[in-house]
Amino acid sequence: AQRVTQPEKLLSVFKGAPVELKCNYSYSGSPELFWYVQYSRQRLQLLLRHISRESIKGFTADLNKGETSFHLKKPFAQEEDSAMYYCALSSNSGYSTLTFGKGTMLLVSP
Amino acid sequence: EADIYQTPRYLVIGTGKKITLECSQTMGHDKMYWYQQDPGMELHLIHYSYGVNSTEKGDLSSESTVSRIRTEHFPLTLESARPSHTSQYLCASSGSSYNEQFFGPGTRLTVL
Numbered sequence: 001a002q003r004v005t006q007p008e009k010l011l012s013v014f015k016g017a018p019v020e021l022k023c024n025y026s027y028s029g030s031p032e033l034f035w036y037v038q039y040s041r042q043r044l045q046l047l048l049r050h051i052s053r054e055s056i057k058g059f060t061a062d063l064n065k066g067e068t069s070f071h072l073k074k075p076f077a078q079e080e081d082s083a084m085y086y087c088a089l090s091s092n093s094g095y096s097t098l099t100f101g102k103g104t105m106l107l108v109s110p
Numbered sequence: 001e002a003d004i005y006q007t008p009r010y011l012v013i014g015t016g017k018k019i020t021l022e023c024s025q026t027m028g029h030d031k032m033y034w035y036q037q038d039p040g041m042e043l044h045l046i047h048y049s050y051g052v053n054s055t056e057k058g059d060l061s062s063e064s065t066v067s068r069i070r071t072e073h074f075p076l077t078l079e080s081a082r083p084s085h086t087s088q089y090l091c092a093s094s095g096s097s098y099n100e101q102f103f104g105p106g107t108r109l110t111v112l
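Line by line, the protein sequences are chains A and B. Counting from 1, one number per residue, gives the positions in the first sequence under my numbering. Counting from 1, one number per residue, gives the positions in the second sequence under my numbering.
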């Protein structure tokens, strides 16, 4: 069975501080990993996916298969980054559902 | 404009009523999903469909039912609403080649 663990329910940092939101997964095959973000009063939206290896809004995430992790990082947090962040996993098949973690609320204070 | 639409956005209803939550998408996607999410909590997959006349139950057991008669339309029905059904319901869709899902704005359901 596949599982996604986000150990922190809440992460509170000051503006300009580095941020790391942790995500660990359990999956026997080759996974596809995503980070989704939900800003206040907005719909859930994709932030980034590991196959793209891109940086979105200053965020990056590297898939570490040895540690089965996909942590989300940003060197300097901004107040507008405050939101709920969800890590999600699927198989690399085109017909696969997503398994979400419980989410981490990021609060960036001025 | 390509998007996912959910109606109603908010619904307050009494126990025992039959309700249908609408979801339609103009993304041209073949796969659609329903999730249940309590505020600030994890998403639980309750139903999904890979195409017309194809529906499957998700990880979370739900008393709701779904249908997929048209590619763009994936309604969710509760025959007899109960207070335990109070939650937010999110609809999503994805294309044929990728597992990236696009989400609708959600329906917040309150059953009194």
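Worth flagging that the hints you see were computed from the coordinates, not collected in a lab. Be aware that one or more of the hints could be misleading.
Unchecked claim - A short list of chain A residues far from chain B (calculated; beta carbon distances all over 12 Å): (1) Gln-38; (2) Gln-45; (3) Ser-52; (4) Thr-68; (5) Gln-78; (6) Glu-79; (7) Ala-88; (8) Met-105; (9) Ser-109.
What the hints assert, rightly or not - Ranges of calculated distance between the beta carbons of each label pair, as one might list FRET restraints: (10) A:Ile-56 to B:Pro-39: 19 to 27 Å; (11) A:Ser-12 to B:Ser-54: 20 to 28 Å; (12) A:Lys-65 to B:Pro-83: 42 to 50 Å; (13) A:Met-105 to B:Gly-51: 15 to 23 Å; (14) A:Pro-18 to B:Gly-58: 19 to 27 Å; (15) B:Pro-39 to A:Thr-60: 22 to 30 Å; (16) A:Gln-45 to B:Asp-59: 16 to 24 Å; (17) B:Val-12 to A:Gln-42: 20 to 28 Å.
As the structure is a computational prediction, the values presented were derived from the model and not from experiment. We put the CB at the ideal spot given by N, CA and C, even for glycine.
Evaluation of the provided hints:
1. Gln-38: violated (9 Å)
2. Gln-45: violated (7 Å)
3. Ser-52: Violated, because the least Cβ-Cβ distance between Ser-52 (chain A) and chain B comes to about 10 Å, which does not exceed 12 Å.
4. Thr-68: Holds: least Cβ distance 18 Å, greater than 12 Å.
5. Gln-78: holds (21 Å)
6. Glu-79: For Glu-79 (chain A), whose nearest Cβ neighbour in chain B is about 19 Å away, the distance exceeds 12 Å, so it holds.
7. Ala-88: Violated, because the least Cβ-Cβ distance between Ala-88 (chain A) and chain B comes to about 8 Å, which does not exceed 12 Å.
8. Met-105: violated (7 Å)
9. Ser-109: Given a closest Cβ separation of 18 Å, the condition holds.
10. A:Ile-56 to B:Pro-39: 19 to 27 Å: Hint holds: Cβ distance 25 Å, inside 19 to 27 Å.
11. A:Ser-12 to B:Ser-54: 20 to 28 Å: At 44 Å between Cβs, range violated.
12. A:Lys-65 to B:Pro-83: 42 to 50 Å: Since the Cβ atoms of Lys-65 (chain A) and Pro-83 (chain B) sit about 44 Å apart, the hinted range of 42 to 50 Å holds.
13. A:Met-105 to B:Gly-51: 15 to 23 Å: violated (36 Å)
14. A:Pro-18 to B:Gly-58: 19 to 27 Å: Because 36 Å falls outside the window, the suggested range is violated.
15. B:Pro-39 to A:Thr-60: 22 to 30 Å: holds (29 Å)
16. A:Gln-45 to B:Asp-59: 16 to 24 Å: At roughly 22 Å between Cβ atoms, Asp-59 (chain B) and Gln-45 (chain A) fall inside 16 to 24 Å, so the hint holds.
17. B:Val-12 to A:Gln-42: 20 to 28 Å: holds (22 Å)
Of the numbered hints listed earlier, those contradicted by the structure are 1, 2, 3, 7, 8, 11, 13, 14.
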